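Number of protein chains: 2
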Amino acid sequence: MFSRWLPGLNRGLATPTGRIAQLVGRSLSRSLQLSSRWSVPELSSFVARTNTCGELRSSHLGQEVTLCGWIQYRRQNIFLVLRDFQGLVQVLIPQDESAASVKKILCDAPMESVVQVSGTVVSRPPGQENPKMPTGDIEIKVKTAELLNPCKKLPFEIKDFMKKTEALRLQYRYLDLRSFQMQYNLRLRSQMVMKMREYLCNLHGFVDVETPTLFKRTPGGAKEFVIPSREPGKFYSLPQSPQQFKQLLMVGGLDRYFQVARCYRDEGSRPDRQPEFTQIDIEMSFVDQTGIRSLIEGLLQYSWPSDKGPVGVPFPSMTFAEALASYGTDKPDTRFGMKIVDISDVFRNTEVGFLQDALSKPQGTVKAIRIPEGAEVLPVFLKANRNWNSPVAKLVMEEQGLGLIRRMENQEEDVVLLTAGEHKRACSLLGKLRLECADLLEARGVLLRDPALFSFLWVVDFPLFLPKEEKPGELESAHHPFTAPHPSDIHLLHTEPEKVRSQHYDLVLNGSEVGGGSIRIHDAQLQRYILETLLKEDVKLLSHLLQALDYGAPPHGGIALGLDRLVCLVTGAPSIRDVIAFPKSFRGQDLMSDAPDFIPPEDLKPYHIQVSWPTDAETEKNSLNPPHHPES
Amino acid sequence: MFSRWLPGLNRGLATPTGRIAQLVGRSLSRSLQLSSRWSVPELSSFVARTNTCGELRSSHLGQEVTLCGWIQYRRQNIFLVLRDFQGLVQVLIPQDESAASVKKILCDAPMESVVQVSGTVVSRPPGQENPKMPTGDIEIKVKTAELLNPCKKLPFEIKDFMKKTEALRLQYRYLDLRSFQMQYNLRLRSQMVMKMREYLCNLHGFVDVETPTLFKRTPGGAKEFVIPSREPGKFYSLPQSPQQFKQLLMVGGLDRYFQVARCYRDEGSRPDRQPEFTQIDIEMSFVDQTGIRSLIEGLLQYSWPSDKGPVGVPFPSMTFAEALASYGTDKPDTRFGMKIVDISDVFRNTEVGFLQDALSKPQGTVKAIRIPEGAEVLPVFLKANRNWNSPVAKLVMEEQGLGLIRRMENQEEDVVLLTAGEHKRACSLLGKLRLECADLLEARGVLLRDPALFSFLWVVDFPLFLPKEEKPGELESAHHPFTAPHPSDIHLLHTEPEKVRSQHYDLVLNGSEVGGGSIRIHDAQLQRYILETLLKEDVKLLSHLLQALDYGAPPHGGIALGLDRLVCLVTGAPSIRDVIAFPKSFRGQDLMSDAPDFIPPEDLKPYHIQVSWPTDAETEKNSLNPPHHPES
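Chains as they are written, first to last, in this note's numbering: chain A, 1 to 632; chain B, 1 to 632.
Bear in mind the hints are in silico, worked out from the structure with no lab data behind them.
It cannot be assumed that every hint is accurate.
Chain copies aren't distinguished; within one or between two, either way the pair holds.
With a straight-line cut-off of 25 Å between C-alpha atoms, the simulated DSS-like cross-links for lysine-lysine are [unchecked claim]:
#, residue 1, residue 2
1, 424, 339
2, 468, 605
3, 132, 540
4, 540, 605
5, 471, 605
6, 540, 152
All values reported here derive from a predicted model rather than from experimental measurement.
Construct the complete structure from the given sequences, taking the supplied hints into account.
Okay, here's the thing in structure tokens:
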């Protein structure tokens, strides 16, 4: 788990406590760097300490200081290393008789106890400086000490924490939070959000409006948590996004809205998803796609941590069709090549059965990707030296083989993967293989995706509708039903709606979707036509929104950035759980407090609900974790 | 409803549209003032307009501008007044033949339609300037116009909206939001919060941490909404505050935490309460009461809107005992006097029966308040001219009468109200009468409470425990069980716990509680003793917190400010619903979308719950609004 963070660490530093402490020291000095970039906050205002442990330097020599922190390390009852959120500092334990009580406090306190010490900042003896440690020139000659709170024997050592299972980390999250990674991640998150607010609020006049989370079910809101109210049979829903509210705020003339919005989605157990998550939610009146894109490019540029390098703008842009054709996905990782190539024409006259089959169909294609130096990692199909290694090799005519090599620009040791079939399926398959191969190559030491590179991309011109998976004859919204159609395609709405492109845009970073939005429909009639006629939705649930559009709704559009995912990518954390203070497990549980939990039936009475306990048969059929009935 | 806002308006301004528009104009110029105080945001970046309607001045003369806005008013097809969030501007409708199409667009569009116009900023003809309107020197000579969205016939006129019932305002909230009051309130709220964030994050190094809202029930959490999970019988709860999380963050070494936190409380129907509300939630390590108080005084001073006058610090402070004795409440309105006076000694030898009775009891007291000029509004009991007007007058001896007059410093026309009984009850009664009398006096035109005055007060030294209302032999926490006892009273914890004062503090503004907090218990043993032995709570629900305190928890404390209430007092709004974009009605309903709503039984299945429909008898007994069963 460490390895993911290491590439980001760019300065050496050593402390007396070995490798782990080095990492802590490095990170804390990074976190100091973070805060000092934007302003110089007073970190010791209003409290007992005069300074933080990590801020002391030679310039403080001779000063009387009071520090509060945790005992990170103790050596031979002579030195202590004291830690706070800002860093580490060495403390000299007094050895003379007159200070016996101070010595006793500092030597008896278990590791991770909290102490307050007062003393003088002194130079380390010549030769004992530690030039790689920010506080390495000085130490604290302690005069008084107080044990503020002792620490019981820990369930594990803090410094080894990251080697523990994630379940243990989550159970003792309050200890895990002391780790340098979590401190760094949470502080970086806070500062990025603060900069975003400054950009939106102070530079561009956005209004931070809080919208309700106790709301009404939205059509098709099967993933919305329900909250029973005190009115029998009536429920609130926790919204998946403030979509309706942000549009209503535009109708209300708010002009520019943003919110760091808590959103909810009940997807059951899914790895790397959280039942509650946060999005930077934005909506503007009188704006078009270009406007929203410039706004977001400026926002990310402004809020980007300085130690992550500058963000180049404008971000490149790609149509959905192009993304699918070249990368087999709507969220291409553009940090590396290996694009999909259509080689249908090369095989127009092939004798290979599955290629023939595929090409004989109206949508049939043959597609390929070239894996540079892929011979290292893959059983080879086609190599540039014509040493064909494939069961179908003998059926490939020499002309076609040469054509393929030419088209794919094959080099020795490269591997070409090809597939045949309908365009979308073929691309999608190769898109997945492309990422798998990249993983394989990187596992073998080939650097394809520079971890210091942040490759943003806009994907645009999505289809407005998709055929329903269960009933392909019917349409559903590709994103949501408030998305405006592309102006060039409006004429198709009544004739060939499936061909209409939308004004939706996605923001992709290193192959992950970090944002999405659209220009919305502001015409009530068009909105009603799409909901009722094309999507066959029950518009009763949305009557307030339709009505609002009728009362002078301005043209408007917006976007939402997934904050957890974004910060996860910025910090290089392995999981979004590492950028959330108290995340749920993949089963939606809080392993620290054991939520969700049983509730006595009498507490459900005011809400007019009761539990329908599943029968044993149902339990076996439906559930991996059988319910434990409370005593009843 | 207007009257509450009027005293705050401090600049004259007139527009062509009469009194209501004057108010709109005034407010919008106030809102402009607000934003320009803190920075000069670019309000027209990224969008179709070049300028906002409200910002145009003589300095823009000759400029070609494009504006987007709502048609506020049209006069004789010659003038339009166009409105956006920033203000109003006069638009000249072109009258020449060549611009017939522009004229048609602008003259045909119904009021509140959204239009985009382009044209030149020109001077108004001499004599037609409106010096009281910010844009009153200029007007727009329009060249092109586009109807962006027409407005249907409104259910009421926007300008009259505030005269409508609140239910109608909430049903059409998106229209209500266009009113100057709502724009002003929401923008002021956004800007105050932004300043608070700057103060906490940029000036004092606080970390903004988002804590979960899907959590576990807290002990005694009867007011917590429950959310069924997909595990049969298990529920999340929506927390009333991030109390546990903020303390765990301190254990985790975060040092300084804040969050603008959404909180939830299910109190059924209560006027001026919302089921979801927002608090500025703060926690610090190594801090004492003085530290928190200075922090908050600085915070309010820094974030206070400039048009509301400066905030004087430090705020005065009063013990709970003093507040009760002098004001009969724990949240005294210190903008005016009329304090409670103990006059027990005056009546030590009284012959008045109920006074005799009261004073003969161990806790018996006689208390009084003097209502200056109260004779105007009250049936008089005792007047300075000795014209006793009371059924007990004949029993009051002259000496006592004189003593009373002297003690209360009675003037002619003053009224003294007195009561006798146990100290707390007597004070509490007079405290309520004090506020009632203030209302009566002000209704008669006597200015007691200056609406421009903001009178902050700390109330401290609350009792740590109170006797349980149902079982007076048992104790419950006066605030919450994590509150630390007062250091001077710790020795009483094992002997007379009911006498222990706490380290809780409340912040009171103009007689409303706007914040509260405490220094917390960081000693696991003390916390366990209070929970188990004194409060008889089930500590299982809190085992994670108790365990955390054992692992090197730093001393810590914090506070939460009620943002809705605070902004309500700052803006002078009649209700917290006027500072929330989409509030619930007092019955917890969203009148716009009709939430909460019925949900089909199949959507409840994944959550293993079903509705327990009340029988008709129960319905009659328990409910004011009988449930309407959905078709079933």
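Kindly indicate which numbered hints from before are broken by the structure, ordering the numbers from low to high.
Of the numbered hints, just 3 does not hold.
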